[in-house]
Amino acid sequence: MQFSALQLATMLDGKLEGNPDVKVSNIAKIEEAGEGMLSFIANPKYEEFIYTTNASILIVNESLVTEKPVKSTLIRVKDAYSAFALLLEKYKQIMSNKTGIQQPSHIPASVKTGQNVFIGAFAYLGENVVIGNNVKIYPGVYLGDNVIVQDDTTIFPGVKVYENCVLGSRVILHAGCVIGGDGFGFAPQPDGTYKKVPQIGNVIIHDDVEIGANTTIDRATMGSTIIRQGVKLDNLIQIAHNVDVDTNTVIAAQTGISGSTKIGKNCVIGGQVGLVGHIQLADGTKINAQSGLSKSIAEPNSALMGSPAFDYKSSLKSQAIFRNLPDLEKRVKELEDMVKQLLSVREGV
Amino acid sequence: MQFSALQLATMLDGKLEGNPDVKVSNIAKIEEAGEGMLSFIANPKYEEFIYTTNASILIVNESLVTEKPVKSTLIRVKDAYSAFALLLEKYKQIMSNKTGIQQPSHIPASVKTGQNVFIGAFAYLGENVVIGNNVKIYPGVYLGDNVIVQDDTTIFPGVKVYENCVLGSRVILHAGCVIGGDGFGFAPQPDGTYKKVPQIGNVIIHDDVEIGANTTIDRATMGSTIIRQGVKLDNLIQIAHNVDVDTNTVIAAQTGISGSTKIGKNCVIGGQVGLVGHIQLADGTKINAQSGLSKSIAEPNSALMGSPAFDYKSSLKSQAIFRNLPDLEKRVKELEDMVKQLLSVREGV
Amino acid sequence: MQFSALQLATMLDGKLEGNPDVKVSNIAKIEEAGEGMLSFIANPKYEEFIYTTNASILIVNESLVTEKPVKSTLIRVKDAYSAFALLLEKYKQIMSNKTGIQQPSHIPASVKTGQNVFIGAFAYLGENVVIGNNVKIYPGVYLGDNVIVQDDTTIFPGVKVYENCVLGSRVILHAGCVIGGDGFGFAPQPDGTYKKVPQIGNVIIHDDVEIGANTTIDRATMGSTIIRQGVKLDNLIQIAHNVDVDTNTVIAAQTGISGSTKIGKNCVIGGQVGLVGHIQLADGTKINAQSGLSKSIAEPNSALMGSPAFDYKSSLKSQAIFRNLPDLEKRVKELEDMVKQLLSVREGV
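Heads up: the protein sequence lines correspond to chains A, B and C, in order. The letter at position 122 of the first sequence is residue 190 when you use our numbering, and the numbering goes up by one with no holes. The letter at position 251 of the second sequence is residue 319 when you use our numbering, and the numbering goes up by one with no holes. The letter at position 42 of the third sequence is residue 110 when you use our numbering, and the numbering goes up by one with no holes.
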């Protein structure tokens, strides 16, 4: 797809400087952009690139002052970063603007689908599945019986959603994630074996949630595992049965949350963090990457680090001394020698 | 599906109190149950809910004494928890009682299938695959050539089993897990590149094993990676080539076991644990979440913690002092000052 | 498939001792090999097995001296290990020698395919996908629009590659890995919600790369996430947007690399390691399993350990003292008592 400078300037309500007919078919960072590409300069520290870039079109701030001739066609707008982000979004929308139902796909008569839906080949919808408007279901997706998918949600290839789970509106599920697998519940028996505890609950994912590739969210034993509005989960995260993650919490890759733990609103949890089961985190809790948490956090906006985790600043101090433990041990050894000497002197006296 | 109180009471051989015709179509925890739902009370601390719940039917212990009128229809049984668990299991069985072979699926003429089998659409069976009785293969499953699946095993959607692997009876593989991918074996070459070591072994999974979503178990270089009877693996676990996990061991999510390590019977391994290769764990070893183990454990029933891990109780003590390292350092500083003073006094003398 | 001793000896240019007609259909380690199996002895410490093994054929070094009668047919070659590895490789090639296009698969008219290609059933190729010669695409693979796959690359079942990504020659992608999912980029808004930053870049995987099962590699925000020639990634690894991993670097399972981090050539990174974003690792950096790195490493061939990681040897020392922290604390306590005593004595004087 190609756009001319004139088209883009019109779209962005910007002022055009240079050749209005030059065309771009790709987007790149200023330092990497070549001919036929569109880029932007918002940050003054990148302004030097304006004289050397091969980008055919540049979006810049109205206020930008050029001191030498510029090869690229410029489009001047109030806020170059926002204008560029807007274009990116439109570009992404156009690129992923798929509709229609491809064959073969498995769609029983009991399924209800909304308008303007995309269902890719090899997608499998169970009995009584309900699909809202503008939903995109990529190839190879599996939706179990009675799954509900609300409007404007996108499910990327190979996602598996077990029966009875509910996905809200504008949810994005990335490839390979698994929603609603059985929680890890087993009752130990006297002979050392384990008996499976049936997991008959479901997973409910509220609006505006994004879930990364190959992340797994287990169904509740009874009731629901809940991911609330605006939560963003990265790749390869494990969410166990009956967990509840409250609105606008962000969790980085490879973190694991054990069963029945409740995470507050607006928390920020780093990568590879582990949380034990049955604890609560207050709103705004921040947890450093690779930390391990085994206790509830009652105070909102706490920052924690370490495995086991404690207060971030104290943890930093302990870590600094840990690095110098051999030195501390040496100081103790020297003290021991000196004190021994003092004692012997005293005894000598 | 609906059940009347009379049907359930008959099924459980229980005594009915209240309306025998009231019907339920769902199951919930006592504190969340509404009209049309079935719940139970086994633990005395939940007995207070009996007067406030909207559950239409409650399973309770024979011995339960009510002091006020109860809205719900009661079914009295010897052991309310066991009776409820039995119902859950039956419910789960009914919900997942799929049979038949859906089209399109890929089933070569060389495949042998038992009786009462379910094979979902888009499932792919390689040459010479053998499927036992009552096996359920969900949509989008891939079984490579010569894979054997024994009776009553369930393979959830999108599971991939590479060629020549063997699955026992009553095995459950959750969505997206990968059985039999190549072990991570590369021979370093003089020029800094790596040469792949062909991985020609397989994976053998014994009876009654359950494996979580997106867990990966690599095939052996030669011989077999073995998961023995009754082992339960959670989601996103990595089991490397030639590992052997002995009976009734339980491993929590995101743990990784490196190549050729042997884990004993009835071990309990927490989440996000890492084990290096070529070590052995004695039966009954317990490892705390996020620990890292680099040495064999010879003593049965040991408990370990930390990265690197050591004895659980000692590890707790070291962690407690770690939290107070700044304090310990301060005490050493004070000692240094005092000793310096003592020395100067002595020299002054 | 069966091979006679004569066939194998001819293939390996080896000298045959024993029955030239004996046949093998399987391969095993010397200590596990039975009748009808082929094995080898390269390491002198396994030579004792030569008199007890039931292997039908053994590949041994020319120089091997036998002192008692041997049941197995021997094939003597210059280097038994290399000869055996060669056979393994040929065996693996024969076992996986699939070609042809199975139906149903989704291959739009705009797709270009090379010669001698295998495309399994339920594979989905997007518009304008380009497939080189001898490429194997297993069942259930998804390749988004414009994906390029170069010669001799193998994509195992259920791999998902998002649009515009590029795979080099002789690449191996194991089952369930996800290439090109959206990077985890969200702009925090004043109301506490997050706005998705469109991820319009791609992933480029160079020649001779192998990527493990269920590993995830995110597409760049702009530009490319790059995995360079000869890199080997194990299972369940997370590579974030705009990461660059240089040639011949090896990364073990469950490690996570955060956004825009650059890893040098010939690095060796253990399992469950975490790297923060926007750092650089010099060539030859070695990082111990479960370490966490938050700073760039400028010195080539550094070895690091710990979370947070520092110099390997110092880290070992700190860990050793950590194990004995209760002892160190006790020594400090004793010093305090002694010094208190000394002070009181002095005051007493």
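These are computed hints drawn from the structure, not numbers from a lab. Heads up, a few of these hints could be off.
Treat identical chains as interchangeable: a pair holds within one or across any two.
Derived pair list, reagent style DSS-like, types lysine-lysine, alpha-carbon separation capped at 25 Å [to be verified]:
1. 180 / 166
2. 263 / 91
3. 363 / 333
4. 381 / 363
5. 398 / 408
6. 264 / 333
Values in this document were obtained by computation on a predicted structure and should not be read as measured data.
Between the shortest in-copy and the shortest cross-copy C-alpha distance, which are at most 25 Å for residue 381 and residue 363: within, between, both, or neither? both (18 Å within a copy, 18 Å between copies)
If the cut is 25 Å between Cα atoms, do residue 263 and residue 91 qualify within a copy, between copies, both or neither? Close neither inside one copy (65 Å) nor across copies (29 Å); limit 25 Å.
Which holds for residue 264 with residue 333 at a C-alpha limit of 25 Å: within a copy, between copies, both or neither? The answer is between: 18 Å across copies meets 25 Å, while 33 Å in one copy does not.
How would you classify residue 398 and residue 408 at a CA-CA limit of 25 Å: within, between, both, or neither? both (15 Å within a copy, 16 Å between copies)
Intra/inter-copy verdict for residue 363 and residue 333 if alpha-carbon distance must be at most 25 Å: within (18 Å within a copy, 30 Å between copies)
How would you classify residue 180 and residue 166 at a CA-CA limit of 25 Å: within, between, both, or neither? both (19 Å within a copy, 21 Å between copies)
In this structure, the one hint that does not hold is number 2.
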